[in-house]
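Chemist: Make a model of the complete structure from these sequences and hints.
In case you want the letters, here they are:
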Amino acid sequence: MYTKRNYNFWMTFNWSRRPFIIGLLYALPIAALNHFTEIDFSLPWQPISVLGISVAFYLGFKNNSSYDRTWEARKIWGGIVNGSRTFGAAVNSFIQTGDKSEDLKIRQRLIYRHIAWLTALRYQLRLSRDWEHHEDRVKGLYSPIVCEVYFNDIDREVSNLISDEEFQGYKPKANIATQMMATQARELQALHDLGYFDNFRHMEFHRLIAEFYADQGRSERIKNFPFPRQYASVALWNTFVFTALLPWGLLSIFSEDTDAWHIWLTVPFSGLITWVFFLMEKIGDYSENPFEGAYNDVPITSISRAIEIDLREMLGETDVPKPIAAVDGFLM
Amino acid sequence: MYTKRNYNFWMTFNWSRRPFIIGLLYALPIAALNHFTEIDFSLPWQPISVLGISVAFYLGFKNNSSYDRTWEARKIWGGIVNGSRTFGAAVNSFIQTGDKSEDLKIRQRLIYRHIAWLTALRYQLRLSRDWEHHEDRVKGLYSPIVCEVYFNDIDREVSNLISDEEFQGYKPKANIATQMMATQARELQALHDLGYFDNFRHMEFHRLIAEFYADQGRSERIKNFPFPRQYASVALWNTFVFTALLPWGLLSIFSEDTDAWHIWLTVPFSGLITWVFFLMEKIGDYSENPFEGAYNDVPITSISRAIEIDLREMLGETDVPKPIAAVDGFLM
Amino acid sequence: MYTKRNYNFWMTFNWSRRPFIIGLLYALPIAALNHFTEIDFSLPWQPISVLGISVAFYLGFKNNSSYDRTWEARKIWGGIVNGSRTFGAAVNSFIQTGDKSEDLKIRQRLIYRHIAWLTALRYQLRLSRDWEHHEDRVKGLYSPIVCEVYFNDIDREVSNLISDEEFQGYKPKANIATQMMATQARELQALHDLGYFDNFRHMEFHRLIAEFYADQGRSERIKNFPFPRQYASVALWNTFVFTALLPWGLLSIFSEDTDAWHIWLTVPFSGLITWVFFLMEKIGDYSENPFEGAYNDVPITSISRAIEIDLREMLGETDVPKPIAAVDGFLM
Amino acid sequence: MYTKRNYNFWMTFNWSRRPFIIGLLYALPIAALNHFTEIDFSLPWQPISVLGISVAFYLGFKNNSSYDRTWEARKIWGGIVNGSRTFGAAVNSFIQTGDKSEDLKIRQRLIYRHIAWLTALRYQLRLSRDWEHHEDRVKGLYSPIVCEVYFNDIDREVSNLISDEEFQGYKPKANIATQMMATQARELQALHDLGYFDNFRHMEFHRLIAEFYADQGRSERIKNFPFPRQYASVALWNTFVFTALLPWGLLSIFSEDTDAWHIWLTVPFSGLITWVFFLMEKIGDYSENPFEGAYNDVPITSISRAIEIDLREMLGETDVPKPIAAVDGFLM
Amino acid sequence: MYTKRNYNFWMTFNWSRRPFIIGLLYALPIAALNHFTEIDFSLPWQPISVLGISVAFYLGFKNNSSYDRTWEARKIWGGIVNGSRTFGAAVNSFIQTGDKSEDLKIRQRLIYRHIAWLTALRYQLRLSRDWEHHEDRVKGLYSPIVCEVYFNDIDREVSNLISDEEFQGYKPKANIATQMMATQARELQALHDLGYFDNFRHMEFHRLIAEFYADQGRSERIKNFPFPRQYASVALWNTFVFTALLPWGLLSIFSEDTDAWHIWLTVPFSGLITWVFFLMEKIGDYSENPFEGAYNDVPITSISRAIEIDLREMLGETDVPKPIAAVDGFLM
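Protein chains in written order, with the working numbering: chain A, 1 to 332; chain B, 333 to 664; chain C, 665 to 996; chain D, 997 to 1328; chain E, 1329 to 1660.
By construction, these hints were calculated from the structure, which means they are not laboratory data.
One should not assume that every hint holds.
In silico lysine-lysine, BS3-like type, Cα no more than 30 Å apart, as pairs [to be verified]:
#1 C:835 <-> D:1219
#2 C:887 <-> D:1318
#3 E:1499 <-> A:100
#4 D:1219 <-> E:1650
#5 E:1551 <-> A:75
Some chain C residues flagged as far from chain D (calculated, every beta-carbon gap over 10 Å) [to be verified]:
#6 676
#7 689
#8 690
#9 717
#10 725
#11 763
#12 767
#13 816
#14 817
#15 824
#16 828
#17 863
#18 924
#19 983
#20 993
Derived list of chain D stretches under chain C, where covered just means 3 residues or more per stretch with a C-beta under 8 Å from a C-beta of chain C [unchecked claim]:
#21 1021-1030
#22 1046-1053
#23 1309-1320
In this text the structure is predicted, and so the values were computed from the model without any measurement.
C-beta atoms are modelled at their ideal positions from N, C-alpha and C, and glycine is treated no differently.
Modeler: So, in structure tokens, the structure goes:
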């Protein structure tokens, strides 16, 4: 997530200059041919204009849907924040063993496993998928595939939170976060059986676990079900068709002018309009996958850290980690 | 569901080439008549352009609604994932007979029936409906009608999960999945009556059953209530009217040009614009029915399998089935 | 609800041919006057085109809202399906008198009253309202007003479900369905007082009743609060203004052509564009009221029947009614 | 709320004729100047057309948002209906003192206070706000400000429902409805303390109170937070700018015609397009505030009455008030 | 929030005059060059018009999203109102120590801490963020950064509500509001342990705390996650590209006219269209951040005050603070 007011023009342009350049290079021979030969290659502008407006609608629909995906992803992680705080407050008030230091130990264990779950979920969500923009992954932050590096990264982060034995038990499982939460559920039942809280409170804990599963599952839904590729592809190929016809249509307009050199204006104009359309196409494309480990991601690392700080402070800890800061205006 | 970044151009084109070809064939005699006779058949472009923009709006509305249907279907199955995990965690913590092996047997029975319910639901959802695209069904995956093959398919998949006797009891019922869940409810009451869990926990189980019924019913709503055919038909006939007028309008534009051969450009241009409009029309049309057993389906087989793996791993099983893999980029 | 893939062209056209014909008849004298007199009646096309695009937007907004009404109506009835199944499962597991045949009798009584409630609600929803399309009501299915026929129809359908005495008690009430559900609530309290289920289970029943009231109220909201008539009227009059100007504008375009007879093309062209715009106007208009007893209704008769079948099968009945079948492709 | 199928044309036109007339009066001297002087005042049409389409989009966005406000308001009051019925059913089944006549007295007291709350809320919601259309308030129905008349109106309506002493206690409070509901909560606790219902049932009552507070608060949100004035103002001023440029642009089109008198067509045409645009602007504007006491209001008086009838009939009363009828097609 | 019916034209214009002036200044030399040199600098209008319409779509999408952010913010704070009233009613009915004056003291303590939480949340939400419009902050109302002034402001407001000791404990915490609510949770558990209310009621309190955490977290989500800057930047740069091409395109139109002086009309026309487009761009931009301490903010100070009044009146206090009044039509 970018945290400054606007991407400046050159940043925007640099990121998206390919279609501009290709637009120029494509229009150049067309203009040249028209200028140096006698043959009229031009196409009438009117139908191309209807095409352009239709494509702009379609891109609007796509941008809307992509934005909804990003915004929903942020909502889900907002939900995780809220559930985690409620869980923290519940753990700190509901659990009573009669022995303050035992209370603290149990509370810590539950809250630390919760932070471990956040960590595992975060890593799982940033594994790479076929339809994502691998070329834009922030280097070194997350492993793109399940491998030894991946497990080491998670292990390093959770080693202070759960026992190594517990972690090793999760490694062969298909979905680590799911099994962590199941452990949490079993432990809560065990604590209840020990009489540390009653049925009413246990059921509230159970509903929080249901909520965490729901938020995890919602994140995974956005991760695993891309903006349907048929819709995305039509956006791409429609933009492509429109911009492919563009310079031929511009020719007919510029050739109406009396100044013969005006024909060359086809080239920059083509580049510019091609750029604007592909910019609108790309901006949606690059916001479709809010967990791909790239710069426009929903900042789940930073959100997880904020949750960790709040929960540790509820436990009375003072030596809490610092919030994640933006680097060059990007917050991950 | 397609899992690669984009359908490539030829894949897209091949899938939708019919309107392109028909567009060509329709425009050809029109251009020829105009060229070889003296009569001016052309229609003015301006009103056709207003028509085109209006039709593009309407298609935008249709695409939006179709997308919402697909996305809602995915959300519902995401909800089934979340509910199933919570159910798994609850079954594994709440049920306590005092005898570990008895615990496991009961837990298994409940979870296996849950997987059987998923299977039955999945098969029911992929029976065919009048308004679906039967020509695009993936061959052999699902039976299109209720018949012996259909029952055999389900039987084969659930034979390890529920007793044959139980399965035979479901066969005459109108809705197998509904009755399976009702059995689940009766069994939970019986287990409660045996004292294996108390009222609080029973009520949580009951609410999960209500949730599963809700998600089943939501899937069936999308299955059984198509995008209203009056809206779909207007999209189709409007696109048809626009593209039928198209070559006559293009004639008037190309005949303004001095080069007489330009008139023939009407033909490819007609084909192209017809193609773009019908592409936008079809893309929505083919995403309306997310459970029709075709390539753009929400991948419910794969989702069900993922649930099965998670639930079996919660039971401590290690010999779990593999996740469903995409075939040629398609995940079912 | 129409259940085939598309309304065919002539079906669509027939249903909406009035604006086409009026468009023709209106344009004819205009073209004739222009042709046979020397006076130029034409209006410039450009502003009319801006008007047309603006009206197309507005119709898009209206179609969207109408569709949302239909879809919400279907969602609500989907909710009734889900709640009813949960109710069925609850009734069949929760109620225990200790005597199996007594159990069955009570369960039957509750479930039959539930089906009676569905029936009453269904009839109430299909009474006619001032703003509905009375000319399109399916003949003989439902009485349009509260009268003896209306009560007889309901009585016939519920006579096997509740006692005649109970039914007579409802007749003077303003809202039969509401009072039926209130009876259900009182009976559940009485059954609880007899010790047939405990507080936990009673509260679940109570929440289901709250849900049924909510779904009933939501249906009534859509029934009783039309798409605001000010918005609907503006759509109508805007389309009217646009199509009234249309032939005058087309005149100016066709009179540019050298072929004098082209002026007559104004007539079919006017008819066609008028038809397309009114088609978009009407399609929303005829989907606004999903319970008006007409062909595009949400199929609440068929949904109610499906619920009845599921609930009776849960009771173990085998002599259940058949599902409602579509007639000529229409499902009510 | 208007209850007929459509506002007829003249009703619509009369209501919105101001912009038409001003459009005429504004265009007249412009056309005259152009006709009688030699100076060409015309502006080119093309950029004005882009402006027109852009403004039409913006109005579409505004109409959409206004409609959402009205529809949400209706949903909220639908929610109040549903909650009230559930409350009625709960009051009539849950409360058991052992003495039938005492039961009835208590049930009546609770339900009557509920109707009093509806009345107070209704009056509060129809106090006037700075941004509302005061000129359109239905005369005499509701007092626009808090004053003696206002309190007398409420007092008259609630005098049969709660004791005068109780009503006097509410008068100095900032929000009468809020305090009424708080009294309801205190009374329910007192009834519980007397043993008339147990904890389970008390908690259901408490959740209903939470729901009523939520629906009250949602109504107040729509009442107190207008469609943001910055968005509304931009719609207004954009429409204004477009229509101010309109006749100058039309001049350039009509002056192309050979018939000199055509220049005068600028005048009616200007009026007409100005009218269509301001009609679209006004229709949203007049649906923004669904509780302003004007003709397009959500009919909360009628809804409240329907609730009152249902609740009284649940109590077994037969002497219930009549439903509110529409007056001249308007239901309040 | 602005509370009058419309921003008047000059207010609107003044606020947004920069693009108008820059539009003028930018077009002036272009028109001059064209007039005084022989070179034709003009660009054809048609493609610029397609660009304009596409940009207008994109701005529509952006305005829609910004509006949704503001409206959601208002909904969240409406939720806080509703939850707070329910909390007030619950505190006043549920807590019973047996000693009326002790009851009052405890109720007061809980409600006052709730108001303190509202205050802290309000201050936190109005700290400034990188992407906000700092130039528009209302002076002196809120401190833009965490500093001594900030703590003093909060301290001053909460000093009558919670003990100084309690407040000092919150100061080192990352999120004061979160920890206040955690204290509330702990105190409620302690009160329950003293027997002042039972489990049922405690759980209702717990759910209210979960709700308050949810509403706090939702506010923070809108505060901390801006409208994605990539979307915002594309809106800005697209508008910029369109308006940069604008005067060159207008030149070609005005130079068609026979009156040579018409070329100068390019200048005001450019200014005007530039202004309309940037007005639509800015209006969304300035409604994106509903908690930035500027004039279009959701009025959280006023809402908090209204809650405070309602809650104090529930406690029976008569010496309650006045509602916040609008200043110059602005309510904060």
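Chemist: Of all the hints given earlier, name the ones this structure violates by number, lowest first.
Modeler: 1, 9, 10, 17, 21
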